[in-house]
Amino acid sequence: MATITHEEAHVHVHGPELQHQFETPEQQKEAATLGMWAFLVTEIMLFGGIFMAYIVYRWAFPEAWEEAAAMLNTPLAAVNTVVLLVSSLTVALAVNAAEEGNKRRLLTMLVLTMMLGLTFLLIKGYEYSEKFAHCAGAKDPISWITGSDLHESHECLVPGRNFMFPSEHEATGSGHGAAKTGMMQSGHQLFFFLYFCATGLHAIHMIIGLGVMSTITVMALRNTFSPTYYTPVEIGGLYWHLIDIIWVFLFPLFYLV
Amino acid sequence: MATLSLPQSSYIRDNSRTFTEWLKSWLLTVDHKRIAILYLLSINFFFLLGGLAATLVRVELITPQGDLMSSDVYNRAFTLHGVIMVFFFLIPSIPAVLGNFLVPLMIGARDLAFPRLNLLSWYLYMIGGLFALIAAVFGGVDTGWTFYTPFSSTYSNSNVVMTITGAFIMGFSSILTGLNFIVTIHKMRAPGLTWFRLPLFIWANYATSIIQILATPVLGIALLLVVVERLWGVGIYDPALGGDPLLFQHLFWFYSHPAVYIMILPAMGVISELISTFSRKRIFGYEFIAFSSIAIAILGFLVWGHHMFVSSQSVYAGLIFSFITMLVAIPSAIKVFNWTATLYKGSISYRTPMLYALGFIGLFVIGGLTGIFLGVTAVDLHVTDTYFVVAHFHYVMVGGTIMAYLGGIHFWWPKMTGRMYNETWGSIAALIIFVGFNMTFFPQFILGYLGMPRRYHVYPPEFQVLHVMSTAGASILAIGFIVPLIYLGISLRKGRIAGDNPWGATGLEWKTSSPPPTYNFDKTPIVTEEAYAYPPEAAERDAASWRPGSPL
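Taken in sequence, the protein lines are chains P and V. Using our numbering, read the first sequence as starting at 1 and increasing by one per residue. Using our numbering, read the second sequence as starting at 1 and increasing by one per residue.
This is chain V alone, in the form it adopts within the complex (with noise of 0.2 Å):
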């Protein structure tokens, strides 16, 4: 612990003389943690530049006019946000930035079982946000984000084409990602570390994995045939045409909800790592969350039509995805109990990533508990295309993956940059990203219950006062996203030396220095222990030596 400088090599260091040369060792690398880095600064770009268009969206709602922009701008302005921030920042986030650096040090790799594929599904995402860039700057789209036919295929004058392009890229570079996960959790773990050793997050990631190559080839393929009868005028989605627009709802969702669990999963096996690390306990049922990540994977292709429930799907197969939209609830509910056991009798220390774990478990419990409302064919027809269901998918996942992202990167900040950030801030940070979220969100709920319908730029005056209260408390969301930048950002030059475990965590990853030399571990660790191997009195001792201003 007592180490007071950054280890002589590590996988940020290198050799080179010149600029270019530097630029090759990164740009070039086939070393996981500098691809993690890689996608990790790019995606934070796409998080800002789709929170530039949620601002102008916001901004714009403040007065019941439209005022600021036209209903035309008002579209490409959310359909901006919604492209940006569930393609090129919710699905990567965290298996891309995270997973990416995580996989391998935690099973005790050297690297994923692909590298070079590593490179290339990080120039595929780059190369799609090129085309998703290019498609906004040229005038952008106004289809929403979910590209529904016909309007998408026949009427729209927008860019469509070039951003289904970029969309479609980037499915390829999920597609990728996932498939490396899968190889390398199958053949990559250090001797001894069998399936029920793993950490959950790795559990996790390999769900989100199956889902990624399973989903996203129907979404490759159905926004395919968008581009074609764009293109070409044959009919395939056009009812006018002979198509039937409800296979574009089918095929689009069938991606689109397991889709949200690529999202979700993640997260969850984040928190699963912060909640057994801060209150210095073994997890609470260990297979229960493995399997449950498994079941929501499973599920999760099973439910996509509680989507079309006013759609002219037939109401006895809206019957049937409804109830088995309720089963989804049951994994989801077993991970929520799991980790409340955990934190049960456990030693907790409220260190920044734990605020953001309670955090997620809490935000994560209403998106979630509004999602089963959802769920119910009674509630969700008079709720449906409303504010309600805008406030239920941003508490998953804002509240949700958000929350667990910024939780994971400041617990592995230590570990990535080798310093730590500054704690007092930190805290700051995660308590004005929770009040500013609630504060956006909350009122959006009544708002749906109210009425107010999504994507519309002009309303009825009497919803004025949840409308500014939901735009002030973006703005105090927009700055508890703006102090972390701030201060991790100075964490890299004047931050105190991390050590290589700065949290007395289990797990592969904090058994190397802080930041991981090249092929991760100068010797291959054999791993004889179950993870979370937190003696049973641990937390009994903490609690019993802990003094103001004690690290944990």
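With the rest of the complex left out, here is chain P (with noise of 0.2 Å):
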């Protein structure tokens, strides 16, 4: 069995951020990219028990499933869609300038798409504080926060105790159907349970994106990066498409579905 020291397997000069258990850079950088993509199975797997549960009650209640999915913001939905399909564009071209060893082209990427992801959380926040609004009886969120305008509530769409959809509103006011009323209740409050369980995940992962791409930020400006060493870029990148990948499911499957 022959052999060969690490010494022999060192000599060829390499960086200060090769770890101790790597030969090669090369090993390293596969290592971690392997790692990512290994990762973000696990994500899409823990996405996967919100979609099954989706699919399992879509084919449950299919009306109460379109009429609750008319209530939601699409408009608003749909610029968000657009931001994060520029914010992957972004980043794709921040892994490209890492790749050049063009310090300031990434940083400028990098800034802007920390942008656009904030942008997207604030227009999703909004979007949320409207449906909050809604159960406090303001028209608006502003209206809200000011106190202004305040009515009895006759829509709540967070799902809860004081969940009231608005036509169910009306059917128990005529008071025709009870137990059909019931089940509807149950499948418009099922669609916006998912419809906070799964947008409030990916914004939690969006949360966690941000915080990555602000680190890989602090390293490139510390000059940690080079052209051949811009691993956390590529697979900090890889993330963020994740990211977007799974809003480009969520957003037809909730809004326009």
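It should be emphasised that the hints constitute simulated quantities derived from the structure, not laboratory data. One or more hints might be untrue.
List of simulated lysine-lysine pairs, DSSO-like, C-alpha gap at most 30 Å [said to hold, decoys possible]:
{"no.": "1", "chain 1": "P", "residue 1": "K124", "chain 2": "P", "residue 2": "K139"}
{"no.": "2", "chain 1": "V", "residue 1": "K523", "chain 2": "P", "residue 2": "K29"}
{"no.": "3", "chain 1": "V", "residue 1": "K345", "chain 2": "V", "residue 2": "K494"}
{"no.": "4", "chain 1": "V", "residue 1": "K523", "chain 2": "V", "residue 2": "K511"}
{"no.": "5", "chain 1": "V", "residue 1": "K511", "chain 2": "P", "residue 2": "K29"}
{"no.": "6", "chain 1": "V", "residue 1": "K511", "chain 2": "V", "residue 2": "K494"}
All of these numbers come straight from a predicted model, not from anything done at the bench.
Work from the hints to combine the two standalone chains into their complex.
Set out below in structure tokens:
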């Protein structure tokens, strides 16, 4: 059994970023990339559970699903989709800039990405607050915060004890088909439950993604990256793309279908 | 072989002068071998805890009346036993202890691909364990380890959220370990170590890791939704709120059936190593054993519905699940036949690890065959939720996984510590465990077939004889688990120095010193031969030179 010593294996020059357990920078990079891909698989399985629940209940309550989906703010979500798709582009450009060793462009693209991510979260936050404002009896989030123009709530789409779907309100008012209303209410509530769970989990990933991007930005500021070593940018970018892709599925499932 | 002292420098020794420094060097270590030792200690602690809960259950069942505890306390006792044993012992046992220690050694690497992630997964395990412990201290859970809804999400008055949080966090520890193994096995193999030269233990752990990263997130989300439903009263599983309790069962068993293979596959990997080493033969049908691990991992994802034959699942779905369940028997049988064929004309030495391995084969066959009974819908309807099921999965989990875990611990003990344990006591303990185990669980097959339901602490008097027998067996089993703790502990100070390769085994882990140095190998090994490369005449030579008292 022949052997080679570590000294021999390490004669070639490499940066300080090579960790002790790896022989070569290429090995380290391949390991990191494969690790990220494997992690993305687990993320997809995590969302898979919610998609499964979505399929089951869509099957069980097709009408409720259709009515509930109409209550969501589709234009805002469409804007958000565009925002995210553009951020995918800027991330890809950031990876490209890192590959070329163009620090200036890398930083620009990272900051742009983070701003787009933040925009997404703000719009999402506005969408959520709309729903909560309706529960409190306000017309829109601004009047909810200022406390003006409050009236009795006819609509509450946040799942829970106060859940109230507008058409049900009328139905109970006119008093026909209580059993059917009960079933429909369950369907509507399940829709919004899944909506808040899925988009909320997505938003949490977005916040983590922003953390990852800011870490990478700090690393870039400290000149950690070079054309031969930019693995963090690449795998951070992979993670960002995953967040985008999940949204690309969530958007049609909840808003369009 | 003739080493008289432990190596001057090894992963266990360090230069810390104060106690705090020493503690830091362990708790902040990124060395896979030290993390394996951390896991060994913590996992065995949970094993003892789960064992205590089992003791309570068995003692209560001595008499047909409920005289030791109320039904509520009894529910909490068996739930504690189930949750601790499944999530905090069986799932991490072999991968996290033996896998962590051996994967880099066996493939000639200096460490896992992501050492810090490895440490993080130990901390996640401990935090998850802490949650489960706190939940137990403040009254426990009464849902059973399966957390079935809507009982768990709406009606139960116990610490469901706390326990589920513990299991959820532990799940991430499991995912990270699997991820680390996959990357390590793909990218860190020594030069010349091709896939078909890998030890079968590596193949088994690779298959396990695939299940861990694919299935565990689904359990995570399923449990998370239980917590959301419980905390905010919004329905996803509760039929009163429009939800579907079957959805929970589907999502839960989508993880928890593959989880059974997370428990047994690494055990099968250990057995392949033991059988080959102690028969002095190449393993028979290497490729078949390797691919049967992958086949079990894949098929394992398609059979979860056999836990739900009596739920309102469609009859046709039940038939398909039943059929695929039969298919899992094929790769399992391939392994058993190949191990048996390896024994044929081998020079078999009945050392302690081999006793566990042979015990494993016998018990796993019983466990596996009764699994086929249960996979047949007609039989399953009769014995669902009876002691037959309990006996079946204990034959696989205790008779399979724990036998392999103990066999593996004994086999690699000299590598981990550099010292040999007392062989006589080792054999005695192995025999006690085998006898105690069968006495505990075989009567339960009969009990279950006669109709004794699981999870009840009061039962008709005609079942008492079998229950007393089972409890008596459990006490013998408990002694069998305590004896190794004693002689293994003694061996740490007084054991004979083992030397690099006390078993004369093949495999890269035996080519470095015992205990290994921090970076495992002084020189990166280059592999030029297949695994288990015992020369063809090794068994004959070994048998010819045998004399009473010879080491192998």
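Can you name, in rising order, the numbers of the hints this structure does not satisfy? 3
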